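Keeping the supplied structure of chain A fixed, place chains B and C upon it in accordance with the hints.
Protein chains in written order, with the numbering used here: chain A, 1 to 481; chain B, 482 to 821; chain C, 822 to 1138.
Honestly, the hints are just simulated from the structure, not real lab data. Check before you lean on any hint, since a few could be wrong.
Here are a few chain A residues that sit away from chain B, every Cβ distance over 10 angstroms (derived from the structure) [claimed, not checked]: (1) E69; (2) D89; (3) Q129; (4) V155; (5) E197; (6) G222; (7) T457.
Reference excerpt, derived from the structure (chain C facing chain B, CB under 10 angstroms, subset only) [as the list claims (entries may be wrong)]: (8) S873; (9) P922; (10) Y1056; (11) L1093; (12) L1118.
Nothing here was measured: the structure is a model prediction, and the numbers come from that model. Just so you know, even glycine gets a beta-carbon here, dropped at the ideal spot from N, CA and C.
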Amino acid sequence: MNGTKRTAPWPWTRLPALLAVVALVGAACGGATTPAPSETAAVTEPPVTTEAPCEPVEIEWFVGLGTGENEEQIPIEEDVVAAFNESQDCIDLLLTVVDNTEAADTLATRLAANDEPDIIGPIGIRALQSFGDQLLDLTPYIGDVDLSEIEPGLVDAYKVDGKQIGIPMAVYPSFIYYNKSLFDEAGLAYPPHDVGEQYEGEDWTWATVRDLAMKLTVDTNGNDATSADFDPENVDVYGLDAQFTESDARAWSTIFGGSGSVVADDGMTAQWPDNWRTGLQFFYDGIWKDHFVPNQTAVQALAAGNTFQSGRIAMDVVHQWYTCCVYPGEGETAAVTDWDVAVLPVGPDGNITSKLHADTIGILDTTENPDQAFEALTFLFQSPELIQTWGAMPAIESQRAAFFSGLDERFAPLEIDWNVSTLMLGYPDNPSHEAFMPNFQEADSANKDLGSKLWTTPDLDVDAELDAQVELLQGIFDSAS
Amino acid sequence: MRRFAAMSAVTLVAITIVSAFLMPLAYMVATAFKDSSQLTAVGAPLYPAAPEVFVYEGEELKVFDVPAPDGSVHAWALLEPHREDAVFIDPANADAGPIAWVGRWRTLQQHWGFSLKVDNFTAAWETIDFPRLFMNSFGIAGLSTLGAVLSAICVAYGFSRFRFPGRNGLFILMLATIILPFQVTLIPSYAVYLQLGWVGTWLPLIIPHFFSNAYNVFLLRQYFLTIPRELDEAAMIDGAGPFRILRSVIVPQAVPGIVAVTLFHFFWAWNEYFLPLIYLQGKPDLQPLAVGLARFNALYSQQPTLIQAAAIMAMLLPVVVFFFAQRAFMRGVVFGGVEK
Amino acid sequence: MSTTQVTAGPVAIKPRGRWRAFTERESLTGLAFVSPFIIGFIVFSAIPMLASLVLSLTDFDPREPDQVRFIGLDNYAQMLSDPVLHQSLGVTVRFALLVVPLTLAFALGVAMLVNSKLLAGRTVFRTLFYMPMQIPIVASTIVWIGVLHATTGWLNYALEGVGIPGPNWLQSTFWVGPALGLMGLWGIGNMMLIFLAGLQSVPTELYDAAKVDGAGPWASFRNVTLPMISPVLFYNVIIALIAAFQYFTQAYVVSNGRGDPDRATLFFNLDLYREAFGFFHMGYASAMAWLLFVIVLGLTIVLFKTAGSWVFAGGER
Chain A
1 MNGTKRTAPW PWTRLPALLA VVALVGAACG GATTPAPSET AAVTEPPVTT
51 EAPCEPVEIE WFVGLGTGEN EEQIPIEEDV VAAFNESQDC IDLLLTVVDN
101 TEAADTLATR LAANDEPDII GPIGIRALQS FGDQLLDLTP YIGDVDLSEI
151 EPGLVDAYKV DGKQIGIPMA VYPSFIYYNK SLFDEAGLAY PPHDVGEQYE
201 GEDWTWATVR DLAMKLTVDT NGNDATSADF DPENVDVYGL DAQFTESDAR
251 AWSTIFGGSG SVVADDGMTA QWPDNWRTGL QFFYDGIWKD HFVPNQTAVQ
301 ALAAGNTFQS GRIAMDVVHQ WYTCCVYPGE GETAAVTDWD VAVLPVGPDG
351 NITSKLHADT IGILDTTENP DQAFEALTFL FQSPELIQTW GAMPAIESQR
401 AAFFSGLDER FAPLEIDWNV STLMLGYPDN PSHEAFMPNF QEADSANKDL
451 GSKLWTTPDL DVDAELDAQV ELLQGIFDSA S
Chain B
482 MRRFAAMSAV TLVAITIVSA FLMPLAYMVA TAFKDSSQLT AVGAPLYPAA
532 PEVFVYEGEE LKVFDVPAPD GSVHAWALLE PHREDAVFID PANADAGPIA
582 WVGRWRTLQQ HWGFSLKVDN FTAAWETIDF PRLFMNSFGI AGLSTLGAVL
632 SAICVAYGFS RFRFPGRNGL FILMLATIIL PFQVTLIPSY AVYLQLGWVG
682 TWLPLIIPHF FSNAYNVFLL RQYFLTIPRE LDEAAMIDGA GPFRILRSVI
732 VPQAVPGIVA VTLFHFFWAW NEYFLPLIYL QGKPDLQPLA VGLARFNALY
782 SQQPTLIQAA AIMAMLLPVV VFFFAQRAFM RGVVFGGVEK
Chain C
822 MSTTQVTAGP VAIKPRGRWR AFTERESLTG LAFVSPFIIG FIVFSAIPML
872 ASLVLSLTDF DPREPDQVRF IGLDNYAQML SDPVLHQSLG VTVRFALLVV
922 PLTLAFALGV AMLVNSKLLA GRTVFRTLFY MPMQIPIVAS TIVWIGVLHA
972 TTGWLNYALE GVGIPGPNWL QSTFWVGPAL GLMGLWGIGN MMLIFLAGLQ
1022 SVPTELYDAA KVDGAGPWAS FRNVTLPMIS PVLFYNVIIA LIAAFQYFTQ
1072 AYVVSNGRGD PDRATLFFNL DLYREAFGFF HMGYASAMAW LLFVIVLGLT
1122 IVLFKTAGSW VFAGGER
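Next comes chain A alone, as it looks inside the complex (with noise of 0.2 angstroms):
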């Protein structure tokens, strides 16, 4: 034997120094960070104050929480971040962008791992519970401020034990978005725009919005939901539907309730009430039994969740925010192209009900900077071209009617009327749907199985649902530490 003969050798003597060079190289070029978007060398004007110079202080916006991490906002966030950048020295604003899937974990991640940010948002109510005591109290520095154009009951709403966490910056109330072609086919009027106004000779109630709702719904074969011939497995167009809600009971409840609570006034006790029990009843027979609210399956055919969009659905009970996805993005064909607001009808309990949403900027307790962080947080939540790209009605009453004129120029030619959102402003549910309860994430967690279930599974008594959700809901509520 002369030796071993072998495929051709693979120069791994080579190996090590190419190894070096490449671990070099490797680690030069991951840890080359991207210079933060601020700081340009000098500021752009001589100073005209007598300020004292002084040291910049890093102050890291987390947005991701609530809206803001879309593809057409992300560079206008980073627009307006660099102007306050170059507009004074003492802070140096950060901007990381988080999806909105991950950001509560990323920020549960450097939360525990102490790498916090400074502020965060813009956020909503519900997010708000998960990181409501994390957030500073900003009772000092509310006196700067100028609220006497939001509505003190916005105020009180972020005030949480007695901490004033967040100053409302945007709000968003719901209303029923309507779309005028579908109205058109079937002959139909379009729903009323004033609070008190009637509909063919009706009350405006659910009552009646069912019945206009099941003559809007029709099937592939041109039979509407009031037909004996009616196909509900190949359903056109649907007559009702309450986008968005994530599954949760308690908003269904809300809108086809009206207010209420699964915490007694006793703070402890679980309970449903009883035009809870009446709305989500009528919700659920609206999917099952009369055919004029799509279920899950039929919701996610529609546009994945965005229905409206689709353009097969007639009546769409939704937030003020909901103006950013009416259309699809640029280049896609809109299937929406004539559509309105309409008012919210009276619910069970006698009161109309428009659910609110509403928006802050907070500022993490672990902050080492608390006054530029507030400095930071005010500028941001006045900036126009971030409320424009928000969505974000101002809850500064003087600053919406530029709000609505920026909407009017994006939807032109037609014409919207915001009047209805301003009205149904007015009507918001109190206590919130997305209010505090103990264990919070749990509960909330529970009431989202709930949706999810009615959203699925036909046949079910809807009151034993609830009598069992009351009992598990008890349960999470005794065990909140």
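Below, chains B and C without anything else, positioned relative to chain A:
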């Protein structure tokens, strides 16, 4: 001839299986070329298509096959839909004015024409700065793979060819690192990397792999075990030391296994999502494709057509790499290392 | 084991001395080769693993890291009476029992198919079967959600085309498991590759010898192929088992992180994730992780111990 028949049969079976297997891929490609309105339109074809339209007085009207009372069928444009009747325009004779028709327009067959929406690809490309993300993915995956393969070869060699105290225990320990769910080591790991100053860089994604990774080592060890010791012994007789044995006996024999490990570590790193997301948050210039793609999947503005277009573009490089890397499999094995 | 040393002829290898000396230095050499792992483990794995073990004995809430309290084995006690956890464990085990053998068999079958000399265009087929592995997992899960949709999904169109009414794959508590299994079949690319590597290294002489002895294709598969690829088969079994118990991402995307419908997709890791990042019970989640660890490690060790009897390792000592 018999061989030809056998080959045809096998190839036919393979084609059938692979077609069924890749059906979702066809769905993916079809979706990537569609306009999003086609995804929700009733009765839309499965292939990318656009509704045939006729422009009348500045509006785009959809064209349907309409049966006239006399029994003939016409291709007319729908001007005014109602429930039990409709008004059409005849594209061929628009000046004749609107045609009233009694019936339910929803039961009519709509005209769709095959149409590829290539814009989805350009939109995806521009929206997420595709070239940069691509280079990032390539960099992260490439460096990580280099380290992983080199170290895996050494460590697997150690485990498969040598006896040393604690060998089995150490091997189990190595496996233990992949058994523990990452959600719970995430926070302590993050804290460690934060202390090292590596958060916000590629380092947490690359450096650990230079110290080998259980999947790769395990696989290569199994593979090395299939190489007969006689080859080692032959080389030892010739006076080769352990490192030389590794280089000139084991590695050439293990090429298929090494190529497998290289490829699948590369593709795993190429598509890794969660860890790059955590460590590179707020640094879009450093993020890989997998993280960039997720931007099309925001909860309130899902854009399935764009995400599929982007995903197709993202997978092109790996597919090409794989296609050419297969030749390494072809090199195969010369049995016993001895030429016959 | 010859003790004579043959000086090298035309082969340019410098004689290093009697190889018998290696026997004494074997441990050191072995450890030297394994050292990258040891170092990496100490630096990157040991600390996080130990930390998570310690966390499992606390009530750690990531939002308030400084307020952590030591609670001993309370988390572990709680696991015994947590019905959701038991349910998720059941979901995971049933899934593992169903999907692991299925995907292994399918992967091996496909590997043998694309290894066959009777297949025209093997390179193309290999690439095609491997392609799904190269699609980012979130995108591919979204594709499957579209394909599996009850009314607009292509799978049900195809089934209806042959007269079978397609179920509501993703909303039915019964069918969602098989639906996920179907998705799992798309992930056989790596297993196929590994089986291929194994198949390629089976010496052709053995097949020739078997044929000479009159063995048919099945006998030759059982007596030549399976034993010769048993080390890589072993690898695939272990890895598939670990993957099945760690199943997370697809369940998460399909059910929007909720485990719907009705907890049928609440896999153990998804429940863990919910506890850790949904409810911020990181201490409890850590305990869950270690429970999973013990289970899977136990299974792995059992497999290793029994490996001796069915895994043929030509190069093992």
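Structure-based check of all given hints:
no.	hint	verdict
1	E69	violated (7 angstroms)
2	D89	holds (23 angstroms)
3	Q129	holds (18 angstroms)
4	V155	holds (27 angstroms)
5	E197	holds (25 angstroms)
6	G222	violated (3 angstroms)
7	T457	holds (24 angstroms)
8	S873	holds (4 angstroms)
9	P922	violated (18 angstroms)
10	Y1056	holds (4 angstroms)
11	L1093	holds (6 angstroms)
12	L1118	holds (6 angstroms)
Hint violations for this structure: numbers 1, 6 and 9, all remaining hints satisfied.
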